[in-house]
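Participant: The chain contents come next:
Protein chains: 2
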Amino acid sequence: MSEYQNDRLLRALHRKPVDRVPVWMMRQAGRYLPEYRAVRRRADFMTMLSTPELAAQVTLQPVDRLGVDAAIVFSDILVVPRAMGMELRIDSGQGPRLLEPIRAPEELRRLRSVIIERDLGYVLEAVRQATVALARRVPLIGFAGAPWTLMAYMVEGEGSKSFAVARRFLHAYPEAARQLLDRLAAVVGEFLLAQAEAGAAVVQVFESWAGLLGPEDYRRWALPALERVLEILRGRVPVIVFAKDGGHVLEPLAELQPHGLSLDWTIDPTGARERLGHRVVLQGNLDPAVLYADPAYIQERTWRMVRAFGVQGYIANLGHGILPDTPPEHAQAFVEAVHGFPVSEFAPVSP
Amino acid sequence: MSEYQNDRLLRALHRKPVDRVPVWMMRQAGRYLPEYRAVRRRADFMTMLSTPELAAQVTLQPVDRLGVDAAIVFSDILVVPRAMGMELRIDSGQGPRLLEPIRAPEELRRLRSVIIERDLGYVLEAVRQATVALARRVPLIGFAGAPWTLMAYMVEGEGSKSFAVARRFLHAYPEAARQLLDRLAAVVGEFLLAQAEAGAAVVQVFESWAGLLGPEDYRRWALPALERVLEILRGRVPVIVFAKDGGHVLEPLAELQPHGLSLDWTIDPTGARERLGHRVVLQGNLDPAVLYADPAYIQERTWRMVRAFGVQGYIANLGHGILPDTPPEHAQAFVEAVHGFPVSEFAPVSP
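So the sequences go chain by chain: S and W.
Going by the working numbering, the final residue of the first sequence carries number 351, and the count climbs one at a time with no gaps.
Going by the working numbering, the final residue of the second sequence carries number 702, and the count climbs one at a time with no gaps.
Next up, chain S with everything else stripped away, as it sits in the complex:
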């Protein structure tokens, strides 16, 4: 771990004492940064995504500007369905869409086998270039969508409030759903492993749609597939699982023993520690909307959060991606509030 100039993130993931609480932000390489928008003006989102030089460039921007303790490679969770042969469209002003979604079991045949280096090489190359450019200042985080979350998009075709089509698929075609989840688990696991080999020191799995399934269905469908991903990665690279709207499945997720569990802002930090103890490192979870308030209030809320999570086995983050119209000074205030938290006054907790 000492190979990084700043190894707070890795120390936290191994529950070692830290001089400052590590902090990064989901979607930190994003539209709220003027230097990101400058790149974006010259290239559309798909071009940025598929051009390793551009992806690596924006990956480093928040490290340079904000002094966050980790970089996360600029990419999108839908690169995996794209690698499986689905056409991905990301038009500005709209959310991403997958054309010709999978609506019936026989349509699974349309999905092709993925060869990671061939079909996702552009992401691996972005990881490699970002790793070189970072020059071991901070660790790089690789990522992918969790199988259920990817399946939800692949069946629905685009973001939706209810994802009724995807939920219907589960109940109408349970066997095909299981097959699809299995295939996704294998691809996601291999893809994350390849990102680790390309230079990512940590990987994060985004279960963005945990809230679509009740506890019973989450355990039945989503959890076994996620478990398979974690098995592929076990002993190879530390893994953080982010469960958006997953307050009802925190215990089963912790039982999978990821290194870290990243929480959205609806989870009370004290309550999370009561439920999960120190079995798992926790990450999160300031409401990104709090960054709309003034810096004094941001500091107050941030300190209260850090105090509740505790300074050991904890990584500060937002509870979801930073919102595109966040003032960069407010993002800075958040990072500084975390780094300014008086760690030494808080005795380490034994696991």
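In case anyone wonders, no lab produced these hints; they're calculated from the structure.
Where is the CB? At the ideal position from N, CA and C, for every residue including glycine.
Some hints could be false.
Reference excerpt, derived from the structure (chain S facing chain W, CB under 10 Å, subset only) [to be verified]:
| no. | residue |
| --- | --- |
| 1 | Gly159 |
| 2 | Val249 |
| 3 | Trp265 |
| 4 | Ala293 |
| 5 | Arg301 |
Distance windows between CB atoms, simulated [to be verified]:
| no. | chain 1 | residue 1 | chain 2 | residue 2 | range |
| --- | --- | --- | --- | --- | --- |
| 6 | S | Asp182 | W | Arg487 | 52 to 58 Å |
| 7 | W | Trp654 | S | Glu3 | 54 to 60 Å |
| 8 | S | Pro105 | W | Arg461 | 50 to 56 Å |
Covered by chain S, per the in silico footprint, the following chain W stretches (three or more residues, Cβ under 8 Å) [unchecked claim]:
| no. | region |
| --- | --- |
| 9 | 564-571 |
| 10 | 640-650 |
| 11 | 680-687 |
Given the coordinates of chain S, work out where chain W should sit on it, guided by the hints.
Facilitator: The following block gives chain W in isolation, referenced to the frame of chain S:
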């Protein structure tokens, strides 16, 4: 209570023994019913909403077809912002929209004072006509949106995944937000009282966007306004609060002492009883997507749910509105499964 031929809903809300578990479905007067679509072909949604004869007609359809234990007046939560002067558009294929949303404190001046009978008389008339047409077969439920949920729509203007504009408003303009929530609480409380006076035996408050706020912000913003609504109704009419994505705030909601708390499908029934005991009647919460599965599976899941909630102080329902493409026979299977549950084998629980 004996004034209704079927008073199971009211008995359950007063935690009295029932011969069968009462059941109704959110959005039960809706597009999944051919007889609803027949009406809808002759009139657009806004016309149905504002024509008491049509609203009353579709209100009765699920009672006639499915034998549910309650009717709920056909309406929309956005009638309240409309009464405050905002223009409501409901185009088919799109969600509802409020034109010219409230984006800054000074825009609150655009909202007019509501005189319930003048501005919401068409809903009250639908309640009256449905009450007459029901002829005391089953109780009628009136409803309204909770203040925070209405504010979220009024600021955002339409449904959104993140409601970032509405969340920004809270943090950027806390005083104006408080004023708006106070005004909404007063209107919603009076409106529900008027629905009770017009014939509704029970009212339900829809907090559809509980999940947008973390526990601290929910307590700070949404809860006091909801409490004010309940205070207006206390002793006048039984109230059920439905909290969508509100798993993190069930305890504070129960502390407001509504008669019933309606849960979405992410809440484990056994867990909910452990957290809340029998202090509050629980309603819910089958995943509406389970109605896409075959009737045998629907019955299995329904019975498991009823068993976990317990047969006393419980109202069976879905965890959200019935989905528009649900086969009516599957809705029927759900209602029959609830009514077929062997209540007598389950001894009543003392509160």
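Participant: Evaluate each hint against the coordinates.
Facilitator: To see whether the hints hold, each was checked on the structure:
no.	hint	result
1	Gly159	holds (6 Å)
2	Val249	holds (8 Å)
3	Trp265	holds (4 Å)
4	Ala293	holds (4 Å)
5	Arg301	holds (8 Å)
6	S:Asp182 to W:Arg487: 52 to 58 Å	holds (55 Å)
7	W:Trp654 to S:Glu3: 54 to 60 Å	holds (57 Å)
8	S:Pro105 to W:Arg461: 50 to 56 Å	holds (52 Å)
9	564-571	holds (count 5)
10	640-650	holds (count 5)
11	680-687	violated (count 0)
Of the numbered hints given earlier, the model fails hint 11 alone.
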